[in-house]
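Protein chains: 2
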Amino acid sequence: MAIKHLVLLVGGVGGAKLAYGFQQILVPEQLTVVVNTGDDFWHYGLRICPDLDTIMYTLAGVVDRKNGWGIQHDTHRVLGMLQQLGENTWFRLGDLDLATHIIRTRQLQEGQTLTQVTQFLTQHYGISHQILPMTDDNVSTIVQTREHGEMEFQPYFVEHRWQPTVEALTYRGAEQARLSPAVLDALNVADAVVIGPSNPWLSISPILNIPAMRAALRARNVPRIAVTPLIGGQAIKGPTAKIMRELAIPVTPASIIQFYGDLLNGFVYDRRDRKPSVEAIRLFAEDTLMLSDYHKSNLARALLSIIENWTEPS
Amino acid sequence: MAIKHLVLLVGGVGGAKLAYGFQQILVPEQLTVVVNTGDDFWHYGLRICPDLDTIMYTLAGVVDRKNGWGIQHDTHRVLGMLQQLGENTWFRLGDLDLATHIIRTRQLQEGQTLTQVTQFLTQHYGISHQILPMTDDNVSTIVQTREHGEMEFQPYFVEHRWQPTVEALTYRGAEQARLSPAVLDALNVADAVVIGPSNPWLSISPILNIPAMRAALRARNVPRIAVTPLIGGQAIKGPTAKIMRELAIPVTPASIIQFYGDLLNGFVYDRRDRKPSVEAIRLFAEDTLMLSDYHKSNLARALLSIIENWTEPS
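Here the protein sequences come in this chain order: A and B. By the count of our numbering, the first sequence reaches residue 428 at its end, each step adding exactly one. By the count of our numbering, the second sequence reaches residue 428 at its end, each step adding exactly one.
Don't take each hint at face value.
What the hints assert, rightly or not - The calculated label-pair distances, taken between Cβ atoms and stated as ranges, are:
id, chain 1, residue 1, chain 2, residue 2, range
1, B, Gln237, A, Gly347, 51 to 57 Å
2, A, His262, B, Trp156, 57 to 63 Å
3, A, Glu273, B, Gln237, 21 to 27 Å
4, B, His187, A, Arg359, 38 to 44 Å
5, A, Glu224, B, Arg260, 27 to 33 Å
6, B, Lys180, A, Gln197, 39 to 45 Å
7, B, Gly347, A, Glu273, 55 to 61 Å
8, B, Gln290, A, Gln290, 35 to 41 Å
Said to hold, decoys possible - Residues from chain B that keep clear of chain A, each with C-beta distances beyond 10 Å, as calculated:
id, residue
9, His119
10, Gly159
11, Ile216
12, Arg220
13, Pro278
14, Gly287
15, Ala355
16, Arg396
17, Thr425
It should be emphasised that the hints constitute simulated quantities derived from the structure, not laboratory data. Every residue, glycine too, gets a C-beta built ideally from N, C-alpha and C.
Start from the sequences, fold in the hints, and give me the full structure.
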């Protein structure tokens, strides 16, 4: 049966690749990408939403393909001047990228929601598929580290290049956060939910720690499938494996499945890996290494095939 | 007698030229430049202080010499992107210039005064002479126009290129504004005050409409000399003559002298013009056309000579 609406939960670069894949094979009415905002922060007086921007630039086709984030061929004139004026410039703001933050900050200060601002920006970037922040409330991922104690996400991830040892993670504000009407609508009409191959602890957990999100997912008797962020015991990019080791969690797809628990009823592991020894969940082997645009569309197509052939257990 | 401290009151480009001249001939302890902030405004969520920046970039030696404002060799990458994203880009923000506004906005939002922010910025721009905003309170020059009714300054001046007909000017907040301790200190030790060849109605009036400023000037029994903004019945740049005509004021240096009234005891008119027929004020003919850096220093030197040879009437 052809899919009516798919909700994709994602964080940054890895999730953006799968979002790009789905964008190629689904019409706008069929897809909503719900994005982590636990990484959002204030910097230079500007509101910066790194994951939303990565998804937006990727779906707009303007992303810097080498980094996986930021805008291609961007320059750093403003940043260079900020540095000359004594600023700490560990967050690499591009000039073209800055326009996004300037508009977002102004519109938020004028009282618009992050959802409205995101709709304005995606529209002007020519994106027809819906990108939504996970919530319009503030949620902040806080990293408890051995070396520096409590750190906000961006100082941990960018300034310290995820080198500090993670002892625990908390998602400040998540318990109180509400889902926007737009996210609730998308979940209500979804006949499938996919959790992208993003870092479960850093990128997906902030989304799932919103109580209304967990409730909405559990209420949907539809395929709820996560894509493994691990291949051969390694993350393609970023600190997923490193964090799992630091939290004394075996670096295996089985651990990921256990982490998501009853929010999932399906899981895609990489075809290079052995099948996880897990009961009570459907397992699918696919090529999850999205090296090229073809691989992204291909993985999305494979997921769509899984969803369209899904039959309830009799 | 050598001057101890000179306070120069200025607005934008014309005032910046004279400030540059004084910078060349006075050591930092001898000069404070007090700058109009009636033009300041919020744009794209940023606090922009056009006159402060023009003075700062001029004294830092980085000003765009063709325009008289902005930073030389600046680019407009961010502005181009803001335009692509649907923004109205009538205010020409350069990339290097943006760094100033970003830092200022952030520091103001952190609770610093505009005086503190200005000191931070001038220090990082390598400026040793003191530049002070006229007040840390908000004052806004409001232009009553025939065509568009009440306009804020920048829409009038930049967006509409000062073409609307001026019927009246008000300086919102000036009556309530206080002088900062730094401005009061400078005025208290000043043994001369010079009003630059800036537009009296747009650039100088916002300063003089602060009651404490008028009181402080009248309390100083020192040379208080204005430099004419008119040569041959024309302003060098900008709408001084046009506004005078619209307000039905004769476009003559005598009108300028009358406008400043008892705040002045001296006036420099241009040597190309006839001596104004004005009593009760000392008049000096000088070359006020500051075409080159030499002319700027030269006019400053002429003013210094007038001040140093000033003797109280017996």
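Hints and how they fare:
no. : hint                            : result
1   : Gln237/B / Gly347/A: 51 to 57 Å : 52 Å, holds
2   : His262/A / Trp156/B: 57 to 63 Å : 36 Å, violated
3   : Glu273/A / Gln237/B: 21 to 27 Å : 25 Å, holds
4   : His187/B / Arg359/A: 38 to 44 Å : 50 Å, violated
5   : Glu224/A / Arg260/B: 27 to 33 Å : 30 Å, holds
6   : Lys180/B / Gln197/A: 39 to 45 Å : 26 Å, violated
7   : Gly347/B / Glu273/A: 55 to 61 Å : 60 Å, holds
8   : Gln290/B / Gln290/A: 35 to 41 Å : 40 Å, holds
9   : His119                          : 28 Å, holds
10  : Gly159                          : 4 Å, violated
11  : Ile216                          : 5 Å, violated
12  : Arg220                          : 4 Å, violated
13  : Pro278                          : 26 Å, holds
14  : Gly287                          : 21 Å, holds
15  : Ala355                          : 36 Å, holds
16  : Arg396                          : 43 Å, holds
17  : Thr425                          : 45 Å, holds
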